[in-house]
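Participant: Here the structure of chain A is known, so what remains is to put chain B in place on it, guided by the hints.
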Amino acid sequence: MIARQNAPVVRATARPRLVAPRALLHLCFIAVLLVWVSPFVWIFLTAFKPSAEVYSQPLALLPSQPTLENFQRAWTNASFSVYFLNTVIVTLSTTLIVLFVTALAGYALGRRAFRGRALIVAILSASIFLPQGYTIIPIYDLINRLGLNNTLTGVILASAGVGFIIYTFMFSAYFAGLPGELEEAARMDGANIFQVFFRVMLPLARPVIASVFILEFLQIWNSFLIPLVLTLSSPEKRVLGVGMYAFSGQSGLDWTGLAAAATISLVPVIAVFLLLQRHFVEGVAGAVKS
Amino acid sequence: MTASSPQPRRARRPRPGLLDPGGDGWCYLFVSPMLLLFFGFKLWPILATWYFALFDWDGIGWPQKFVGLGNFAQVAAQPLFWNAFKNTWIYTAGLLLIQLPLALLVAIALNDPKLRGRTAYRTLFFLPVVTTTAVIGVVLVILLSPAGGPLNAFLVGQGLVERPIGFLSSVGLVLPTLIAVGVWKGFGTVLVYWLAGLQSVPGELYEAARIDGASGAQILRFVTLPLLRPIAITITALTLVWSLNVFDHVQVMTGGGPGHASDVIGTYIYRVAFTVEDSIPRIGFASAAGVFFGLTNLVIVAVQALAVRAARGKGRAA
Chain A
16 MIARQNAPVV
26 RATARPRLVA
36 PRALLHLCFI
46 AVLLVWVSPF
56 VWIFLTAFKP
66 SAEVYSQPLA
76 LLPSQPTLEN
86 FQRAWTNASF
96 SVYFLNTVIV
106 TLSTTLIVLF
116 VTALAGYALG
126 RRAFRGRALI
136 VAILSASIFL
146 PQGYTIIPIY
156 DLINRLGLNN
166 TLTGVILASA
176 GVGFIIYTFM
186 FSAYFAGLPG
196 ELEEAARMDG
206 ANIFQVFFRV
216 MLPLARPVIA
226 SVFILEFLQI
236 WNSFLIPLVL
246 TLSSPEKRVL
256 GVGMYAFSGQ
266 SGLDWTGLAA
276 AATISLVPVI
286 AVFLLLQRHF
296 VEGVAGAVKS
Chain B
238 MTASSPQPRR
248 ARRPRPGLLD
258 PGGDGWCYLF
268 VSPMLLLFFG
278 FKLWPILATW
288 YFALFDWDGI
298 GWPQKFVGLG
308 NFAQVAAQPL
318 FWNAFKNTWI
328 YTAGLLLIQL
338 PLALLVAIAL
348 NDPKLRGRTA
358 YRTLFFLPVV
368 TTTAVIGVVL
378 VILLSPAGGP
388 LNAFLVGQGL
398 VERPIGFLSS
408 VGLVLPTLIA
418 VGVWKGFGTV
428 LVYWLAGLQS
438 VPGELYEAAR
448 IDGASGAQIL
458 RFVTLPLLRP
468 IAITITALTL
478 VWSLNVFDHV
488 QVMTGGGPGH
498 ASDVIGTYIY
508 RVAFTVEDSI
518 PRIGFASAAG
528 VFFGLTNLVI
538 VAVQALAVRA
548 ARGKGRAA
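Residue numbers (our numbering), protein chains in the order written: chain A, 16 to 305; chain B, 238 to 555.
Where hints are given, some of them may not hold.
[Claimed, not checked] Now the in silico label distances, taken between C-beta atoms and shown as ranges:
1. I335(B) to Y70(A): 32 to 38 Å
2. L134(A) to A542(B): 20 to 26 Å
3. L273(B) to E199(A): 29 to 35 Å
4. P65(A) to V408(B): 23 to 29 Å
5. Y70(A) to L532(B): 47 to 53 Å
6. L442(B) to G162(A): 57 to 63 Å
7. F459(B) to L134(A): 41 to 47 Å
8. A451(B) to V287(A): 40 to 46 Å
[What the hints assert, rightly or not] Cross-link-like lysine to any residue pairs, in silico, SDA-like; alpha carbons within 20 Å at most:
9. K351(B) to P36(A)
10. K351(B) to H41(A)
11. K351(B) to R293(A)
12. K323(B) to F484(B)
13. K323(B) to G409(B)
If you are wondering where the hints come from, they were derived from the structure by calculation, not from laboratory data. Here the structure is a predicted model, which means the values were calculated and not measured. Don't be surprised by glycine CBs; every beta carbon is placed ideally from N, CA and C.
Chain A extracted, bound-state conformation:
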């Protein structure tokens, strides 16, 4: 009892002292985060420096004579315009395919107890836990047999095979929770299944669509192994990550060129992230909860 009575007193004396730790906490965070984001700061500022300046003053932050010449070198000479276009094509196509495929399957799995549903759910769930080992070898073999090696179609198809199971479950859980009245009303009006799905149900799933779009976009924009392996002998089919890797091998000393190329690769995905960051973080957190 005595302890309880004392508690408010203890707090009252502790409060002024709490101010110092909080300021200290902010100081720590700011110090850590300055180091944390320093590579990005370096990339963006170096991309505007004349190449001689990087070596003469490696620690200078701001370029003394800003130039766009590095971007021109990366964009045209080092084919980053091509890599950029390839990345956009691969990322958008893969994301749209995966969205479409998982929304369709999630709708059927979430709303109908059709024959075989339980089996499909069981196989999908079990395969999440199956050890994948290094399955890139059979994926390469399959794409090769389909005659799609060294094509963007091959990269898109193989990329679509990554991570879609969890999205299917996300859609299925969401559709299962929707009320049936709207669906039934559409049915009474004589709508066929595509009309029910595309006009009525899919628009209701906007939150899941946003999460899946963001997670998949991020994953594919940043992917490296699949596009690397599937475009080994056709440089013109590279995506940004693979192009950057190849570029660094050819011109390891062109630091400002590499910084400009990195800027070209990073700015879109960082911009998308900053615009949609709330959804990004919720999507990631949601994926671990389900």
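Facilitator: Just chain B now, with coordinates in the frame of chain A:
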């Protein structure tokens, strides 16, 4: 659900058509593209890795020279495989021991709703997650370079070290450096997971503990950590799987070097299967190495399943 079963007595509509929303036929149509992706790029690759591992095969045509467990014996006799195996586990252990507790600490600090700027802090911690590992890797090679790289220029300039440090070129430092990069890159994801877990702890429990006079450390020890156990198991398992599959930044930053000092399973298999270092690709052998490695994942999954069961059992008992 029961209403959707076909009713054969009605003569006018003996069975719903494929596209009739009332029937089940469309369900098969709707799941088939997903199943196609699943069999082609999930199930078949898993099964095929095991199958290919039984053949001496260069990847051309179909595997024909059956060698049984011969590839496995070869893999087990390869010092370079065990070197990569060991490095992968050192990397994984480093990530588990550094990233998980550090991210939890930061998450606890950021979980305070009264802390100003917490969204900005979280965003900045998350920034490396959204950027391409391969691109960042190339840049980090420059930043860490002993020949005029900014970090070494700073260290030498401040008199902190006498000579530039070969973060990626010295055998003893390369793996710790790659671990640090891995921690930096994945920190934001683990942080968000911890935050999601912390938000599921009911606020009344903290209140109650505070009224009982518990200190911050006691609250952490007796309230927060026990309640986080289920999500902690999930986060540990995810970190394990990610770090065992590490490839992108190791391939880009060191390619496994110097002298295989940073070779991990990912770079090892990539080299054996896809580069012409050994004149002919040894797909069967590489698959066997993959299966070997997959078995490690299987053990982890089994252990995780047991841990989840144990954690749930404890929760029920309490």
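Participant: It remains to establish, for every hint, whether it holds in the given structure.
Facilitator: Structure-based check of each hint:
no. : hint                           : result
1   : I335(B) to Y70(A): 32 to 38 Å  : holds, 33 Å
2   : L134(A) to A542(B): 20 to 26 Å : holds, 21 Å
3   : L273(B) to E199(A): 29 to 35 Å : holds, 30 Å
4   : P65(A) to V408(B): 23 to 29 Å  : violated, 36 Å
5   : Y70(A) to L532(B): 47 to 53 Å  : holds, 49 Å
6   : L442(B) to G162(A): 57 to 63 Å : holds, 60 Å
7   : F459(B) to L134(A): 41 to 47 Å : holds, 45 Å
8   : A451(B) to V287(A): 40 to 46 Å : holds, 43 Å
9   : K351(B) to P36(A)              : holds, 14 Å
10  : K351(B) to H41(A)              : holds, 12 Å
11  : K351(B) to R293(A)             : holds, 19 Å
12  : K323(B) to F484(B)             : holds, 15 Å
13  : K323(B) to G409(B)             : holds, 14 Å
Checked against the numbered hints above, the structure violates only hint 4.
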